[in-house]
Each structure stands twice: as structure tokens, then as C-alpha cells.
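Undergrad: Sequence:
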Amino acid sequence: MKNKLLIVVDMQNDFVTGSLANPAAEKIIPNIVEKLKAKDYTYLIFTRDTHQKNYLETQEGKNLPVEHCVEGTKGWEIVPELQEFTKNAFIIDKPTFGYKDWKTKLNELFDDENNQPGDFPEEIELCGTVSSICVASNATILKSLYPEMPISVLKNLCADLSSEGHEAAMKVLNSQQIIIK
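Its first residue numbered 1, the sequence shown is counted upward by one per residue in my numbering.
Hints were generated in silico from the structure; no laboratory data involved. Backbone N, C-alpha and C fix where the C-beta goes; we use that ideal spot for every residue, glycine too. Keep in mind that the hints are not guaranteed to be accurate.
[Stated by the list, open to error] Listed below are the simulated DSSO-like cross-link pairs for lysine-lysine, each with C-alpha atoms no more than 30 Å apart in a straight line:
id, residue 1, residue 2
1, Lys-171, Lys-53
2, Lys-100, Lys-155
3, Lys-100, Lys-143
4, Lys-74, Lys-2
5, Lys-87, Lys-62
6, Lys-100, Lys-2
7, Lys-2, Lys-62
8, Lys-62, Lys-27
9, Lys-155, Lys-87
10, Lys-171, Lys-87
11, Lys-103, Lys-37
12, Lys-53, Lys-4
13, Lys-171, Lys-35
14, Lys-100, Lys-35
[Stated by the list, open to error] Label pairs and their in silico Cβ distance ranges:
id, residue 1, residue 2, range
15, Glu-108, Asn-31, 17 to 23 Å
16, Ile-91, Pro-150, 21 to 27 Å
17, Glu-34, Ile-91, 31 to 37 Å
18, Lys-87, Asn-54, 28 to 34 Å
19, Ile-91, Asp-40, 19 to 25 Å
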């Protein structure tokens, strides 16, 4: 098996049952749990959308004026059903849709004295919410940084605000040579 990195994007209370509740995100939780239990990956990262108390004053807050994922709040936490899996995972707090420091973070995690040569991921899979925003942003950034690495989005383990938005995101990602599974 290749060294595979699974990234679970923003499966936080505020996006599932909180201030930006999305029934579609709630529906994918059992499938994500099943994927995590199958452990067909080598490494696991959870991302958390992370805002501060001044969120409504930011550009994003002005465009989406719903306070959410404020660091340290219940809404910021990973959903309870996935909590047990965070114990053996890396967690990345990102201040916006896409995490701009993937290359630095992955080098930090996989190129240190604890890893053997060849431990760096050879494949990356993403799932989570929101398909057309944070999942798409991070998949695109990763593909730009690692153009020769297989980057996949697990279509049935992602949720969007609408089925149209989800399908559109999958089409755009596919056109960027990101594999849709």
C-alpha cells in the first residue's frame, strides 16, 4: 500500500448542527466513520476552520455574516462522532477556506528525525465539508503544490450546501486533474 494521507476537512459542529448547520454534512458522518475505521490510509489530518472573535469584521465575515468556528467554542470542535479518530491524527487550524501552508506543514510532519526515508505521502485523499468551498480550495492548493501526486476527493464523503454546488465542485476539481472517487 502506498503511503496515503487522508484529510478530513472542517467536520466541525458549526458546519453540521451549529450556526451553519447543514443536513447534508450530518448525513455523511457515518460514511466518514466507516472510512476512518477501515484505516486504508497511512496518515490522517483533520482541518478546523478557525476564526477569532472579530470574525464579523473580516472580509469573510462581511460576506458571510454568521459567526462560526470561533476558536475555543463548541462550534469550533470536531463533531463528536469523529472525536475518537482525532487522537491519532494531526490537526491543522486554518483561518480561511484553503490552508496556504500545506507544503511547510507536510514537510514538518513527514521530514523529521522520526520518519524514515519514503514516509512522505505518495497519495492524498480529501473528504468533508463544504465541497465547493473548503474541500475544493484545499484540493486545488495541494494539486498546485504537488502536481505529480495523485490527489483525490471522495465524492460520497463530502457535503455541500446544495447538490448542484456539490456536483459543480466535483466537475471543476476533475478538470484540474483531481481524481473524483
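Undergrad: State for each hint whether it applies.
TA: Results for each hint:
At most 30 Å may separate the alpha-carbon atoms for a hinted pair to count; Lys-171 and Lys-53 exceed this at roughly 35 Å. At most 30 Å may separate the alpha-carbon atoms for a hinted pair to count; Lys-100 and Lys-155 meet this at roughly 23 Å. Our distance criterion of 30 Å between C-alpha atoms is met by Lys-100 and Lys-143, whose separation comes to about 12 Å. Restraint check for Lys-74 and Lys-2: the C-alpha separation of about 36 Å exceeds 30 Å, so the hint is violated.
Between Lys-87 and Lys-62, the direct Cα distance comes to roughly 35 Å. Violation of the 30 Å bound is thereby established for this hinted pair. Between Lys-100 and Lys-2, the direct Cα distance comes to roughly 25 Å. Compliance with the 30 Å bound is thereby established for this hinted pair. As the CA atoms of Lys-2 and Lys-62 are separated by approximately 43 Å, the hinted pair breaks the 30 Å bound. In summary, the hint linking Lys-62 to Lys-27 is supported, as the alpha carbons are separated by about 29 Å, within the 30 Å threshold.
Our distance criterion of 30 Å between C-alpha atoms is met by Lys-155 and Lys-87, whose separation comes to about 25 Å. This hinted pair does not check out: Lys-171 and Lys-87 have alpha carbons roughly 34 Å apart, beyond 30 Å. Restraint check for Lys-103 and Lys-37: the C-alpha separation of about 27 Å stays at or below 30 Å, so the hint holds. The straight-line distance between the Cα atoms of Lys-53 and Lys-4 is roughly 36 Å, outside the 30 Å bound, and the hint therefore fails.
With a C-alpha separation of about 23 Å, the suggested pair Lys-171 and Lys-35 falls inside the 30 Å cut-off, and the hint holds. Proposed proximity of Lys-100 and Lys-35 is supported: the alpha carbons are some 26 Å apart, at most 30 Å. Between Glu-108 and Asn-31 the beta carbon distance is about 30 Å. The supplied range of 17 to 23 Å is therefore violated. Between Ile-91 and Pro-150 the Cβ separation comes to about 24 Å, which falls inside the hinted range of 21 to 27 Å.
The supplied range of 31 to 37 Å is broken by Glu-34 and Ile-91, whose beta-carbon atoms lie about 21 Å from each other. The hinted range of 28 to 34 Å is satisfied by Lys-87 and Asn-54, whose Cβ atoms lie roughly 31 Å apart. Checked against the hint of 19 to 25 Å, the C-beta distance between Ile-91 and Asp-40 comes to roughly 21 Å, which is consistent with it.
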